[in-house]
Amino acid sequence: MLSPFMNSLGDRNPQLLRELKSRLHGRGIVTAATLSVIAQLLLLAFFRSTVESSPWEFCSVVAEGSSRWDACRENDQVVWELIDWSLWWQAILVTMNWAFPIILTGIGMYMLLSDLQKEEQRGTLNFLRLSPRSSSSIFLGKLLGIPVLVYLGIGLALPLHLFAAFSAKAPLGFMASYYLLLGLDALLFFSLAIVIGLLASRSAKEQGNAFFSGGVTLALPLLTSVFLVPYHLMARQFTVWHGFPEFIFSRNWGLGIADESAGQWFGLSFAEQPLATHGVQLLFLAVAIFWLWKILQRAYR
Numbered sequence: 001m002l003s004p005f006m007n008s009l010g011d012r013n014p015q016l017l018r019e020l021k022s023r024l025h026g027r028g029i030v031t032a033a034t035l036s037v038i039a040q041l042l043l044l045a046f047f048r049s050t051v052e053s054s055p056w057e058f059c060s061v062v063a064e065g066s067s068r069w070d071a072c073r074e075n076d077q078v079v080w081e082l083i084d085w086s087l088w089w090q091a092i093l094v095t096m097n098w099a100f101p102i103i104l105t106g107i108g109m110y111m112l113l114s115d116l117q118k119e120e121q122r123g124t125l126n127f128l129r130l131s132p133r134s135s136s137s138i139f140l141g142k143l144l145g146i147p148v149l150v151y152l153g154i155g156l157a158l159p160l161h162l163f164a165a166f167s168a169k170a171p172l173g174f175m176a177s178y179y180l181l182l183g184l185d186a187l188l189f190f191s192l193a194i195v196i197g198l199l200a201s202r203s204a205k206e207q208g209n210a211f212f213s214g215g216v217t218l219a220l221p222l223l224t225s226v227f228l229v230p231y232h233l234m235a236r237q238f239t240v241w242h243g244f245p246e247f248i249f250s251r252n253w254g255l256g257i258a259d260e261s262a263g264q265w266f267g268l269s270f271a272e273q274p275l276a277t278h279g280v281q282l283l284f285l286a287v288a289i290f291w292l293w294k295i296l297q298r299a300y301r
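Numbered by this note's numbering, the letters in the sequence shown go through residues 1 to 301 in order.
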């Protein structure tokens, strides 16, 4: 059953089939799956230890006349019956909501830039330019195929993410919005990476300086994942996710942000008009991606 599917995929996008064949081998799959499972176990173990060291953070009640530190603790032991597990899962959900875009963008951009640099050095990118396939088809295959192991690792973490969202009582609309914008952000930043990678490779070739292209390969994913991705999440906290601060920030900080921010933009209330706010966000992303692909096609040729 796999062979007809692969043949059909090769007919539709040979570049995607090429990338998948070179990366979906036993060692790569096992490594990605193992790292994903280990990361999830470490995350659960960390928050389990947090309950034992600071149970007051997840305590459902605070005894009258006692300090916050004494909440849910008796004889230096955690009173597990008083732990609010929905708050515990909420903390895990917040952590994963930040980790997914940072990991996906940082590692994915690095893999795309590194592959592009190798293609330029070997000269195989010139053979692709002679291909009758369109540049859009070629780079779509690269966007889907090169970070496939990153997609696999995040995909294996989705069950835990969804279970944490269910346990934390996260609204279905918020989760749908999160996944949609996560995919569009990845497309935006990956397209930006390829455009800058092509321009950097051309500049490095003209100047005879291979270190410049290598520096871009390292610096661009780092700067994007450290600065641009967190900025995107924080900006959306005040716009499309204005009504759900506790699922992006910690409980206390998030609720404080929701109270202090007016949630208004040119008279548009983000909390009262979520569909309109999402429409503006999707329009912005669509325009940005459209022009990046126009620049990409021109830079590639």
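Source of the hints: derived by calculation from the structure; they are not laboratory data. Glycine included, each C-beta is placed from N, C-alpha and C at the ideal position. Just to be clear, a hint being listed does not mean it is correct.
Derived DEER-like restraints, expressed as beta-carbon distance ranges [stated by the list, open to error]:
no.: 1; residue 1: Trp98; residue 2: Ser137; range: 31 to 41 angstroms
no.: 2; residue 1: Phe284; residue 2: Ser131; range: 25 to 35 angstroms
no.: 3; residue 1: Gly215; residue 2: Trp80; range: 20 to 30 angstroms
no.: 4; residue 1: Ser54; residue 2: Arg301; range: 50 to 60 angstroms
no.: 5; residue 1: Gly26; residue 2: Val79; range: 17 to 27 angstroms
no.: 6; residue 1: Leu223; residue 2: Asp76; range: 40 to 50 angstroms
no.: 7; residue 1: Phe284; residue 2: Glu81; range: 42 to 52 angstroms
no.: 8; residue 1: Arg122; residue 2: Thr34; range: 27 to 37 angstroms
Straight-line Cα separation of at most 20 angstroms, SDA-like style, residue types lysine to any residue; simulated pairs [as the list claims (entries may be wrong)]:
no.: 9; residue 1: Lys169; residue 2: Ala157
no.: 10; residue 1: Lys294; residue 2: Phe47
no.: 11; residue 1: Lys21; residue 2: Lys169
no.: 12; residue 1: Lys21; residue 2: Glu119
no.: 13; residue 1: Lys294; residue 2: Ala91
no.: 14; residue 1: Lys169; residue 2: Ser114
no.: 15; residue 1: Lys118; residue 2: Arg301
no.: 16; residue 1: Lys118; residue 2: Leu20
no.: 17; residue 1: Lys21; residue 2: Ser8
no.: 18; residue 1: Lys294; residue 2: Leu156
no.: 19; residue 1: Lys169; residue 2: Gln237
no.: 20; residue 1: Lys118; residue 2: Gly106
no.: 21; residue 1: Lys169; residue 2: Leu82
no.: 22; residue 1: Lys118; residue 2: Gly214
no.: 23; residue 1: Lys169; residue 2: Trp98
no.: 24; residue 1: Lys169; residue 2: Ile83
no.: 25; residue 1: Lys169; residue 2: Tyr179
no.: 26; residue 1: Lys118; residue 2: Leu24
no.: 27; residue 1: Lys118; residue 2: Glu19
no.: 28; residue 1: Lys294; residue 2: Ser136
no.: 29; residue 1: Lys21; residue 2: Tyr151
no.: 30; residue 1: Lys294; residue 2: Arg133
no.: 31; residue 1: Lys118; residue 2: Ser131
no.: 32; residue 1: Lys169; residue 2: Tyr300
no.: 33; residue 1: Lys118; residue 2: Leu296
no.: 34; residue 1: Lys118; residue 2: Arg23
no.: 35; residue 1: Lys169; residue 2: Ser60
no.: 36; residue 1: Lys118; residue 2: Tyr300
no.: 37; residue 1: Lys169; residue 2: Leu296
no.: 38; residue 1: Lys294; residue 2: Ser135
no.: 39; residue 1: Lys118; residue 2: Ala91
no.: 40; residue 1: Lys169; residue 2: Ala91
The hints, checked one at a time:
1. Trp98 x Ser137: 31 to 41 angstroms: Holds: the Cβ-Cβ distance is about 34 angstroms, inside 31 to 41 angstroms.
2. Phe284 x Ser131: 25 to 35 angstroms: holds (33 angstroms)
3. Gly215 x Trp80: 20 to 30 angstroms: violated (51 angstroms)
4. Ser54 x Arg301: 50 to 60 angstroms: holds (58 angstroms)
5. Gly26 x Val79: 17 to 27 angstroms: violated (48 angstroms)
6. Leu223 x Asp76: 40 to 50 angstroms: holds (46 angstroms)
7. Phe284 x Glu81: 42 to 52 angstroms: holds (48 angstroms)
8. Arg122 x Thr34: 27 to 37 angstroms: Since Arg122 and Thr34 have Cβ atoms about 30 angstroms apart, the given range 27 to 37 angstroms holds.
9. Lys169 x Ala157: holds (18 angstroms)
10. Lys294 x Phe47: violated (45 angstroms)
11. Lys21 x Lys169: Measuring from Cα to Cα gives roughly 40 angstroms; hence the hint is violated.
12. Lys21 x Glu119: holds (17 angstroms)
13. Lys294 x Ala91: violated (41 angstroms)
14. Lys169 x Ser114: Distance ~40 angstroms between Lys169 and Ser114 Cα, so the pair is violated.
15. Lys118 x Arg301: holds (18 angstroms)
16. Lys118 x Leu20: Holds, at roughly 17 angstroms.
17. Lys21 x Ser8: Distance ~14 angstroms between Lys21 and Ser8 Cα, so the pair holds.
18. Lys294 x Leu156: violated (34 angstroms)
19. Lys169 x Gln237: holds (18 angstroms)
20. Lys118 x Gly106: holds (18 angstroms)
21. Lys169 x Leu82: Distance ~18 angstroms between Lys169 and Leu82 Cα, so the pair holds.
22. Lys118 x Gly214: With a Cα-Cα distance of about 10 angstroms, the restraint between Lys118 and Gly214 holds, given a limit of 20 angstroms.
23. Lys169 x Trp98: The given pair, whose Cα atoms are some 18 angstroms apart, holds under the 20 angstroms limit.
24. Lys169 x Ile83: Holds. Lys169 to Ile83 sits at ~16 angstroms (cutoff 20 angstroms).
25. Lys169 x Tyr179: holds (17 angstroms)
26. Lys118 x Leu24: Satisfied, since the Cα-Cα distance of roughly 19 angstroms is no more than 20 angstroms.
27. Lys118 x Glu19: Distance of about 14 angstroms is within 20 angstroms: holds.
28. Lys294 x Ser136: Judged against 20 angstroms, a Cα distance of about 9 angstroms means the pair holds.
29. Lys21 x Tyr151: The given pair, whose Cα atoms are some 15 angstroms apart, holds under the 20 angstroms limit.
30. Lys294 x Arg133: holds (16 angstroms)
31. Lys118 x Ser131: OK: Lys118 and Ser131 at ~18 angstroms, within 20 angstroms.
32. Lys169 x Tyr300: Measuring from Cα to Cα gives roughly 46 angstroms; hence the hint is violated.
33. Lys118 x Leu296: holds (18 angstroms)
34. Lys118 x Arg23: holds (15 angstroms)
35. Lys169 x Ser60: holds (16 angstroms)
36. Lys118 x Tyr300: Roughly 15 angstroms between the alpha carbons, so the hint for Lys118 and Tyr300 holds.
37. Lys169 x Leu296: violated (42 angstroms)
38. Lys294 x Ser135: Holds, at about 10 angstroms.
39. Lys118 x Ala91: With a Cα-Cα distance of about 40 angstroms, the restraint between Lys118 and Ala91 is violated, given a limit of 20 angstroms.
40. Lys169 x Ala91: holds (12 angstroms)
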